[in-house]
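Engineer: If you're matching them up, the sequences are chains A and V in order. When the letters of the first sequence are read in order and numbered with the working numbering, they come out as residues 1 to 328. When the letters of the second sequence are read in order and numbered with the working numbering, they come out as residues 329 to 450.
Do not rely on the hints blindly, as some may be mistaken.
[Stated by the list, open to error] On the chain A side, residues computed to face chain V include the following (Cβ under 10 Å):
1. Leu41
2. Thr74
3. Gly96
4. Gly125
5. Val230
Treat the hints as calculated values from the structure; they're not laboratory data. Ideal Cβ placement from N, Cα and C applies to all residues, glycine included.
Here is how the chains run, residue by residue.
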Amino acid sequence: MNLFTYSRAATASDAVQLAADPNSKFLGGGTNLVDLMRETLERPEVLVDVTTLSSSIEELNSGGLLIGAAARNTAVAENRIVRAQYPVLARAILAGASAQIRNMATVGGNILQRTRCTYFYDDDGARCNKRSPGQGCDAREGFNRYHAILGASSSCVATHPSDMCVALAALDATVHLRSAGGERKVSFVDIHRLPEEHPERETNLHPGELVTAVELPPVAFAKNSTYRKVRDRASFAFALVSVAAALDVEDGVVRDVRLALGGVAHKPWRARKAEAALRGQPAQETTFRAAAEAELADARPLQHNGFKVELAVRTIAAVLAELSEAQA
Amino acid sequence: MLADGERILSCLALAVQYQDRSITTIEGLSEDGRLHPLQQAFIEHDGFQCGYCTPGQICSAIGMAAEVRRGVPSHVTGDLAGAAIQLTHDELRERMSGNLCRCGAYNGIVEAITEVFVEVAR
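Pulled out of the complex, with its shape left as it was, chain V reads as follows (with noise of 0.2 Å):
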């Protein structure tokens, strides 16, 4: 889910440390019935199968997007002194790797964000 637009894991949040603050999950994605662009792309990249992980997938990946525009490195970033991230297919599996998914639907989620997230800033 996204704390202030930052990603984190509701898991091993204690909530009363989080009041106050704006929490948006996979239900808040949506605007006027449409779907987020991201999760319309989830649909047509068979970016899931069972379901569970999606909504982690999706708010992990909007978290990431922004980390990216922030120019924060990643443990692959061969340069850590420069300047612009390139989310590059390293990259964007390196920053999405604290999100599993046990029916191996990765090629679907790389290409779901990469369609949103790579492709748009090109």
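One chain only, chain A, in its complex shape (with noise of 0.2 Å):
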């Protein structure tokens, strides 16, 4: 049996004091952390309910959005400035999980959760260098179906498996952390690692530090932006690839774009090359395909996933064909 004890933060500098100990995690929802505990992957001595801090809502005076960290992900999604503004940010989150998880998971949860790579969680049976460091991957010779194509290493092939995070990397938002050492502002594309040689080591987060906001900035033409995600199944699966967009597209000539991808790295991946490719060309099928290519070009495919490269740029140029429709 794995003890711990459970505490209520009541307030951010309370939980960050409950957590001193190395041994602790803050606890959300609790729908990934609780399962992970089940699995012993992960065995906490002290948990520190965060649940009870902030998940307000709120407009900034700048014009962005300051959403709590414990804000539920059906709450974010519901909400009517989310909608009208961010579409990107409701369409990714219902397009997540089911409607009792997105009831449960916390936005600071959902940026922490842990891959859902299968040699990850199989313990008695595989080598996982995020789970053992040094002891190598089974991944990258096994069933490498939903692995990553992009920013992999040696050591790791995992993807993250968030839709929520794919739009907050495509809407350069930026976390609010608390340690006891102060607060932090940290831009959203540089709170997730690529694996590299230490996959363990999933975010920029310092021990003990806590998420208590995300930021959302004035991006007047989120307005036209859309989220979509090819999975096996309709509903209630993970992504094989995900595409988190906004355009602004003005005469027929691309002004400006946001665009990221999910299901194929390590992190919420910003495709930051395509859109270089994008800005000032004809919003056209060609200039979306070559976009598209562009950013896939360092793309390093596995036994099984392959398909991912030609998927991920047939969905950047669909919804990108999409977004200039809606906005014509």
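These two chains come separately, so use the hints to put the complex back together.
Structural biologist: So this is what it looks like as structure tokens:
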């Protein structure tokens, strides 16, 4: 039996103090951590419940939106401002998990959830550098249909499972963090790490650091944004490939664009090469396809996931065409 | 199950987190010995075979109906800015996708939920 203590944090500073023990974990909705504890992949000795902290969704004077980390996924997706100003975020959340899980899961927990790589979970039968650093990776030569094609390493080919995070990467969100040392803000795209030689280090958070909020900047053209998720069944499945995009077209020319991919890498993949290839170019199918190909030029598929390269290219092109038509 | 009327998964819920919350399971749906209308509809429409998933299906559907009344959109909702949600066949299937039935009693399940939550609304 793994014994642990449980306490509810009254404030963010309270939470950080309660989690001073290196074997502590913050607990949100529990939809990932409780499962990992039952599988004994996580064995925290101290659980600090942070669902009582800020869950508010407030418009900022600067025009952006501040979302408390304890906000439930459903609360964000049903929020009227999110639906009107950042539809890509509402769509991404609604494409993930099931309604019951979205009712439980918090924004902070969604960001910090761990991969669903089956070799990571299989602690009796498979080697995994994320679970046991230095052990080796059985996914590389195993059944890797669901694994990464971009930014992977010889140590790890796992993907980040979140849909919500793909939208946050596209929207240039900022994450508010708090630790015993104080508060800081980190650009969302710098929160998660590529695996390199240390896939067990999944984020750039400091030990004991708490996610307190996510800030969305004002992005006027994000009204014209969407999320498309391609998966093995129509609902309640993780992405093979997903695309979060916002597009601003004027007089048939791409004025600005935000693009991020899910299901393809160890972190939500901001597609900056594709964005650069799109800005100032005519908003047409050939441009969209060429930009997508530029982004996927660095793809290194594994034995079973070569299809993801063309799937990503086509999904990007289709989403951009859809947004281009919607704005016309 | 339902926590303060909202559907969640008991298998992922750490019980101590739900202290002081109002919990409703399938056992709490009948009143004065009378089945909840959705329980009765599941019987009439053959909404189950082995019955293993039935408590979850019924509690989930009750939570789902509340979400629809509240205007929560889903993955298949076309207009996110729209005011009211129509519980169409596609909406119902998407919103119930978190409850699997390995016997495959889905047609009966959809009919039972439709009778109670869609036809009543008409």
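Engineer: If a hint holds in the structure, say so; if it does not, say that too.
Structural biologist: Here is how each hint holds up against the structure:
Annotation: leucine 41 (chain A) was flagged as interfacial toward chain V, and the flag is violated, the nearest CB pair being 15 Å apart, outside 10 Å. With a cut of 10 Å, the hint placing threonine 74 (chain A) at the interface with chain V holds, because the nearest CB-to-CB distance is about 6 Å. Taking 10 Å as the C-beta cut-off, the interface hint given for glycine 96 (chain A) holds, the closest approach to chain V being about 9 Å. The closest approach between the C-beta of glycine 125 (chain A) and any C-beta of chain V is roughly 23 Å, which is over the 10 Å cut-off, so the hint fails.
A least Cβ separation of about 13 Å between valine 230 (chain A) and chain V goes past the 10 Å threshold, and the interface hint is therefore violated.
Violated hints, listed in ascending order, are 1, 4 and 5; each of the other numbered hints is respected by the structure.
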